[in-house]
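Asks: If you want the building blocks of each chain, they are given just below.
Protein chains: 2
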Amino acid sequence: MRIFTAIIIAATLTINAQERLAEGRARQALASPIVNADGSITFNVAAPSANDVKVWGNWMGQGDKPLSLAKDSDGVWSVRTSALPSDMYSYSVIVDGVTGLDPLNVYTLRDIASVTSIVIVPNGKGDDYAVKDVPHGTVSARWYRTDSLDMTRRINVYTPAGYEESDEKYPVLYLLHGMGGDEEAWLTSGRAAQILDNMIARGEVKPMVVVMPNGHTSIEAAPGYGSEGMKRPYTPLPDFYNGDMERSFGDVMRWVESNYRVRTDAAGTGVAGLSMGGFNASNISANYPGEFDYVGLFSPGMRRTPSKSWVFDNLASKRKTQSEKGYKLFWIGIGSDDFLYDDVKRYRETLDSEGFVYEYHESAGGHTWSNWRDYLRIFLPKLF
Amino acid sequence: MRIFTAIIIAATLTINAQERLAEGRARQALASPIVNADGSITFNVAAPSANDVKVWGNWMGQGDKPLSLAKDSDGVWSVRTSALPSDMYSYSVIVDGVTGLDPLNVYTLRDIASVTSIVIVPNGKGDDYAVKDVPHGTVSARWYRTDSLDMTRRINVYTPAGYEESDEKYPVLYLLHGMGGDEEAWLTSGRAAQILDNMIARGEVKPMVVVMPNGHTSIEAAPGYGSEGMKRPYTPLPDFYNGDMERSFGDVMRWVESNYRVRTDAAGTGVAGLSMGGFNASNISANYPGEFDYVGLFSPGMRRTPSKSWVFDNLASKRKTQSEKGYKLFWIGIGSDDFLYDDVKRYRETLDSEGFVYEYHESAGGHTWSNWRDYLRIFLPKLF
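As they're listed, the protein sequences go chains A and B. First residue of the first sequence: 1, per my numbering; consecutive thereafter. First residue of the second sequence: 1, per my numbering; consecutive thereafter.
Calculated directly from the structure, the hints in this document are not laboratory data. Remember, it's a predicted structure, so these values are computed and weren't measured experimentally. Glycine is no exception: its CB is placed at the ideal position from the N, C-alpha and C atoms. Don't take each hint at face value.
Said to hold, decoys possible - Restraint ranges, calculated between C-beta atoms of paired labels, are given here:
1. A:Y234 to B:E257: 41 to 47 Å
2. B:Y358 to A:E164: 36 to 42 Å
3. B:M151 to A:K65: 43 to 49 Å
4. B:A29 to A:A364: 35 to 41 Å
5. A:E164 to B:A267: 22 to 28 Å
Stated by the list, open to error - Quick look at which bits of chain B chain A covers, simulated, 3 or more residues with Cβ under 8 Å:
6. 40-52
7. 80-88
8. 94-103
9. 136-146
10. 224-232
11. 243-256
This is chain A alone, in the form it adopts within the complex (with noise of 0.2 Å):
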């Protein structure tokens, strides 16, 4: 048994002061973070030498104040929340200033430039974000090539549970990122597979495969799988809302249909997207009219139309012309108090002023992950 604490401790050589702190507590694990039975959570972090410990979690609002810790006698600084609902959490722990992750939660995310630390709070939506003991869909990060855009380029692919060992054609739907996200985020920040997962095991969603793209046409992946290296991921990138992703979205449809036994009817096709993504899907079904019967726009971006593509060209028409060759659910989702939420009500007004037939879901909240997640809860079902 020696040797091999041995190989524990040269690994984990980090976190050994934490641990020593942690024995010094009358050998109680020191943890964090502790979901209490009510939904709060307990914050603690060791941290004797510290002034000042403060956590900032996406459950509180924009303009509050992060919550300060109290430190005991032994130098752990603790806090704990009010009850929260059942989600998936982000936050921060922010030692004298510096802002890092809990010292003592290793699950993490990267969203953008900010990498946090995940909590889930059970017994509501966040159980459909936790992986259960259910049947798991496969998730494959793939390469295709485009020529649209003269590149190859990084794409996630869920599988559900029994596609490989099926003849089947399964229905696909493409799932796309906000102008912070890529290929990772509906993964990661999005909890796709989990939902897809836990939902498809219930029976209320249909097995489907689901495509990830990179809706940044500028770079060729994700930060840190591109060949350009580990670079501090750079936002905005230049190529948003320019048409590329619409303009060469049939490059990523013909690859998966010749790598994927999925259907190709506009019955079995769909397209959704967040924010930018939401923006790319409404031009990707009206620029390809007749190919998807689903699509789902969540807090769409629709301000900003340029007009240096043929993608943003004539829209009303291709809108008359994918109305003329019918679909069966055009979704939009929005929280009240999204700041794009004038934006898409006008939007709306446009599709209503041409008799443009959709669904539309309002609900509480902003521009969030935690609105992103719930919606596509809401419109898996709907599919196919």
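On the provided structure of chain A, position chain B as indicated by the hints.
Replies: Only chain B this time, still in chain A's reference frame:
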């Protein structure tokens, strides 16, 4: 443009404090880490309210003290290391005694229960650990059924660029992690996908399927990917060196063979592992004689041989059969400073006394990912 700035602000609240400080530095963007031309690394941490900022990185020896950063008048703490050999390094920033990430670096990895920042020093080995502009393989996270363990378990599979467009059967390497690792370890700490992409692109390594199972048979998946939820990773797990990985290994192989176009002849099959995984590889090759022409033991943990499993019975006799059936390469690599060095020496003496043929590689250094990545680079070109 304004509305998208708002999106960014909403999404990057946690780094705003840092960025405001950076603005204070005469609009000079603060960056960290900065790899200098000589291979040294400069770390910058904006922490005007901190009393003490240190960096600990795995280029340092275990006995070394963390580097102290010096504070300038803007509250930015900095240090420059000595010139470092090309490699990937992981490191932590310690602010007033609390160990965390480099706040300006979004690139991280989890190794057992530590999350650290990572940085690559180029112009040498490190170039093989970086994503280059070469054809990329697919990395899939899948789940397989093992009747031997009555479990469904997560497994990562690398298929080389061109696999999906081919009809050929590819050689297959099973690549096993150490006691603290999981099915993610060779992809994160080990940079196996990058090493394979880069060396295959140069024609130095044959395109092959590489299978990375989880060697801890008491759990179904790496922390955060299994249904036990986001618990703090527990080490050591109770399952190590109990023979379950070896006895259930046939299930892994049969699953791979029925899910991938892989060769099933010994000449097209290899197994390698580090530390505990090296021990596993030695036992797997002995207990499945004639199935593996290529075996790699990277810093193998060879001391403990429990007697409760048939896996460990009559190993000398099994190795005799293995020799008689024949194999092409049995490769052992270890660092001269590895704490397992003497055990491996005794193991080699046993092999010598049995006339069991192997190739031995002794490097500098210890029980480190720096060595294991390098052993993979040395081992792969010898295969198939």
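Asks: Indicate, hint by hint, whether the structure satisfies it.
Replies: Evaluated hints:
1. Under the hint 41 to 47 Å, the C-beta atoms of Y234 of chain A and E257 of chain B, about 44 Å apart, fit the expected range.
2. The beta-carbon spacing between Y358 of chain B and E164 of chain A, approximately 37 Å, falls within the hinted interval of 36 to 42 Å.
3. Look at M151 of chain B against K65 of chain A: about 46 Å separates their beta carbons, and that is inside 43 to 49 Å.
4. One distance hint, 35 to 41 Å for the beta-carbon pair A29 of chain B and A364 of chain A, holds here, with the actual separation near 37 Å.
5. For the hinted restraint 22 to 28 Å between E164 of chain A and A267 of chain B, the CB-CB distance of approximately 27 Å keeps it satisfied.
6. Here the region 40-52 of chain B counts 8 residues with a CB under 8 Å from a CB of chain A, which clears the bar of 3, and the coverage holds.
7. Residues of the region 80-88 of chain B with a Cβ under 8 Å from some Cβ of chain A number 0, which does not satisfy the need for three, so the listed coverage is violated.
8. By the rule of at least three residues with a Cβ nearer than 8 Å to a Cβ of chain A, the coverage given for the region 94-103 of chain B holds, with 9 such residues.
9. Requiring three or more residues with a Cβ within less than 8 Å of a Cβ of chain A, the coverage given for the region 136-146 of chain B holds, as 7 such residues are present.
10. With 7 residues having a beta carbon nearer than 8 Å to a beta carbon of chain A, the region 224-232 of chain B meets the requirement of three or more and the stated coverage holds.
11. Proximity of the region 243-256 of chain B to chain A, defined as three or more residues with a beta carbon under 8 Å from a beta carbon of that chain, is not established by the 0 residues found.
Consistency note: the structure conflicts with the earlier hints numbered 7 and 11.
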